[in-house]
Amino acid sequence: MSMGSIRRTVMTCAALAVLASCGNEGSDQAESPFTIAARTVGEAVAARRAAKQEPATPPKSPAEMAAEALRVNPAPLIMVGFESLGRTQIMAMTGQNGATRTYMTPSEEALIIRNGMLVGTRGLGNDLSVAEPGTESLIRSGRSGSATRVMRYYSGDGLERPLSFDCNTGPGPKPGVTVENCEGHGVSFQNSFMVQGGQIPVSRQWVGPALGYVTIQTLRP
Amino acid sequence: MRRSRLTGRLMATTLPVAFLVGSVSSTAVAEPMQARNMSTYGMPGGIETPTAEALPDGTLGGTLAYSEYARRHNIVFQAMPRLTTALRYSRIEGVTDHNDLGHIWDRSFDLRFQFLDEAGWRPAVAVGLQDFMGTGVYSGEYVVATKNITPTVRASVGFGWGRLAGESRWPPEPGDQGGKPNIDDWFSGSAKPFGSITWQVNDRLSLAAEYSNDNYMHEANGLGEDEPGNLNLAAYYRFGQGYEVGLYTLGGDTFGAQFSFSLNPNKAPYPSGLEKAPAPVRPRPAPAADPEGWSGQWAQDPTAQPAIQQALSDALAKEGQLLESMALSGNRAEVRIRNQRYIQQAEAIGRTARLMTRALPPSVETMVITSSADGIPTSSVTLRRSDVERLENTEAGKIASAVTLSDARPYPGDLVATEGMYPRFRWHIGPYLDLGLFDPGEPLRYEVGAEARATYEIMPGLILAGTLRQRAFGSMDQRGPGIPGQRGDHYTPEEYEADPSLETTPEGVPRVRSDTRMYRSDGPTIPELTLAWYARPSDTIYTRVTAGLLERAYGGVSAEALWKPVNSPLALGIEINRVRKRDFEDVFGFRDYEVTTGHVSAYYEFAQGYTAQLDVGQYLAGDRGATISLTREFANGWRIGAFATKTDLSEDEFGEGSFDKGISISIPISWATGQPSRQRAGSTIRSLSRDGGARLNVNGRLYDKVRDSHSVKLYEGWGRFWR
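Which chain is which? The protein sequence lines are A and B, in order.
One point on numbering: in full-length UniProt numbering, the residue at position 129 of the first sequence is 129, and numbering is uninterrupted.
One point on numbering: in full-length UniProt numbering, the residue at position 517 of the second sequence is 517, and numbering is uninterrupted.
Worth flagging that the hints you see were computed from the coordinates, not collected in a lab.
From the three backbone atoms N, C-alpha and C, an ideal C-beta is built for every residue, glycine too.
Errors might be hidden in some of the hints.
Among chain B residues calculated to face chain A with C-beta under 10 Å, some are [said to hold, decoys possible]:
hint : residue
1    : A452
2    : G637
3    : E716
Stretch-level coverage of chain B by chain A, calculated; a stretch enters the list once three of its residues show a Cβ under 8 Å from a Cβ in chain A [stated by the list, open to error]:
hint : region
4    : 72 to 79
5    : 270 to 277
6    : 511 to 520
Given only the sequences and the hints, what does the whole structure look like? Please build it.
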């Protein structure tokens with residue numbers, strides 16, 4: 001930035017200073033809590049206003065989204081329904097470490113999946129840090145049995161906290177589907193996996209107490 | 001030593017936690033009986049009387065209670081699972097002091113310790129001190145037992161002294177400056193019983209009845225009314241996330257209303273934060289697929305490092321981190337990063353490690369991530385790249401035991417500064433809001449205006465910083481200090497400036513803080529204009545020298561040294577300042593008062609986030625003494641603490657409050673919004689600005705700068721390494 005343009009920006013800023021703030025520091029360092037509060041309110045008002053002016057075009061159906069993503073994105077793709085958030089999104093693979101793949105939405109929320117088994121989430125606010133499903137081999141082989149599933153979460157106090165669940169696996173109501181019933185800490189949940197040749201193309205899995213269930217469907221392996 | 005501390009830290013991350021899943025019917029850990037509703041004194045209680053209940057550990061709450069006798073603003077903090085503390089600022093009607101307003105504004109402080117849990121037939125039992133170091137209007141003590149009669153009905157019975165027995169300790173003896181523990185009064189006089197019953201009608205509604213011996217003698221007399229009866233009734237309604245409203249009657253004739261809220265640091269709206277997902281680890285290709293990269297031959301190419309450094313710097317910038325400098329050889333890479341976004345340094349380090357796996361050629365196996373605090377290296381985390389590849393998507397404790405944390409090399413060695421890093425010019429213009437509390441005439445004062453701030457980093461550690469402010473409007477006008485002997489009246493700015501002898505109190509104490517309001521002039525002000533030099537003469541010693549206009553009221557030179565090994569919970573510091581009092585109006589002018597002030601400090605980090613600091617030395621008014629501070633810190637960045645300073649000034653020389661004390665609260669903005677940021681909201685609430693025990697407010701003190709990346713805090717936040 002030249003001195004002249006800095007001077008111009010500074011002058012414009014000075015005129016506006018009581019109403020707005022500006023500078024060349026990143027917004028995560030420079031702003032006062034006062035400004036952040038003002039901006040948060042502003043954003044909430046803007047969001048409400050935007051919500052009133054609903055777009056005329058209806059949202060795309062999941063099938064249309066899937067077809068479009070398969071056409072434009074060559075990476076492995078999954079379609080994920082977040083039941084508690086009430087939305088369905090296409091996620092593309094952005095990295096692979098061994099058998100574990102990271103899939104992300106365009107706004108960089110991530111699911112981490114190992115051969116169809118959900119092992120983590122990122123960027124959703126109530127993320128699952130890592131899951132250690134002791135039931136994994138039972139589910140892949142479609143056997144009945146019981147094992148422990150440990151789910152680790154980022155807790156509000158800043159730590160990573162494990163929750164341990166007792167789980168039983170067995171055949172589900174539909175052929176080809178294995179269900180896993182888990183219980184512990186006063187909650188219970190049921191994961192369902194469609195297993196084909198050790199892979200899990202379709203599943204419904206519990207992320208955690210706040211996020212609830214996600215359905216995961218492989219669009220392109 | 002290091003290993004056992006590390007294990008201790010990580011144990012915290014492997015405890016089973018019930019609260020993640022919400023309410024749990026049976027927990028194995030016995031915890032103190034939890035409160036149903038807040039009393040008008042802002043503590044878990046019946047209506048006015050105390051109970052043996054506590055709040056969930058760490059809870060910070062507030063209660064505003066209003067009746068014709070009083071308006072009470074209460075802040076409550078569950079400092080330990082069994083220790084409840086409250087700070088209260090009340091407008092008490094019908095009671096008069098020197099201001100002769102027909103009411104007084106009064107601060108008071110409570111402690112309650114629940115020493116027995118409910119078990120079988122035994123009730124929970126607590127002992128408490130109410131208003132134990134204020135002026136004494138609310139002063140009283142109690143022992144109380146609380147028992148669940150049925151799952152929805154709970155009864156409390158106790159004995160109270162002082163106010164709780166209807167015996168007043170107001171007014172204080174003439175000459176008593178208040179503000180110190182009134183130990184002689186504790187549990188003195190006769191004891192009288194009190195009791196309450198609460199009925200939890202449903203999840204939201206609860207009803208309470210109580211028998212109280214507090215007769216509001218002074219308030220009723222002052223208002224010319226009869227004292228209220230002994231029987232009080234109330235209804236409480238809970239809603240939303242931790243809100244409660246209540247309606248109550250004292251004796252049937254006097255009515256009141258209250259509103260409470262509570263925050264729990266353990267329950268954030270977005271526990272994991274809303275920051276974007278990190279770029280995942282990129283594992284290296286097989287050696288056969290990239291023989292050149294694995295051979296390390298690329299390191300001979302002089303263009304390799306600049307290209308890699310630029311790419312990594314760009315990627316880190318998107319993560320809110322500065323790549324200050326980098327060293328790269330065939331099998332080792334070291335980066336110095338400045339974390340500008342995440343409260344937990346571990347998250348910044350974890351994200352940097354993953355980006356390094358994406359940017360570095362395969363032959364690099366050793367990765368060193370050095371944290372920098374504004375140009376000064378504070379610690380180095382050394383990782384094996386193969387561990388990062390192997391342990392991604394496992395619990396954070398595994399990578400913690402695979403890394404080495406060490407003191408950073410103080411000298412740059414082979415580190416190459418990132419192009420365009422220095423000199424570094426930052427500026428910001430925006431509004432500011434200043435709040436002033438506890439002025440008896442107007443309890444909340446404010447000032448709004450515009451602020452311009454700029455920093456210029458000439459080289460690592462050498463920083464020029466300045467702030468310019470222009471007030472726009474507000475209720476903090478320029479004003480002289482209170483006139484001795486005519487409390488409630490103040491000198492006008494002209495009177496105060498015209499007579500230099502007024503700058504010393506009649507007791508002979510120089511006015512170093514009690515004339516702070518003289519600095520609220522209408523013209524532009526420069527709260528800070530300094531040149532600071534930070535350095536590290538050895539592995540474990542940090543230094544700072546700051547010169548210039550150090551704060552609004554003082555200018556001069558400040559020098560500090562800190563000894564803090566990276567793995568030590570103990571730190572020692574020394575600070576010496578030679579300062580002169582600044583002029584009230586002329587931004588570059590000075591007044592005659594000049595002083596040397598300085599302290600020797602010891603800092604200690606206990607387990608479970610409790611920290612202590614002891615400062616011994618000479619304060620701004622030339623008085624000598626010590627400050628003790630105790631703080632509770634949560635891994636998510638919440639900090640709540642209390643401090644007290646006693647110097648060789650006598651209580652009369654110090655004035656109202658007897659000695660300086662206060663509490664401080666600091667909450668990370670990211671905890672509330674979920675958006676990653678190192679910004680904090682908070683404040684220090686202290687006694688009135690007095691001249692005894694006052695310290696210089698210089699920016700950039702070393703301990704807090706250095707500590708984020710040292711063992712205790714780093715490992716406390718380590719659960720976020722893979723976030």
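Q. Hints broken by the structure, by number, lowest first?
A. As far as the earlier hints go, 4, 6 are violated by this structure, in ascending order.
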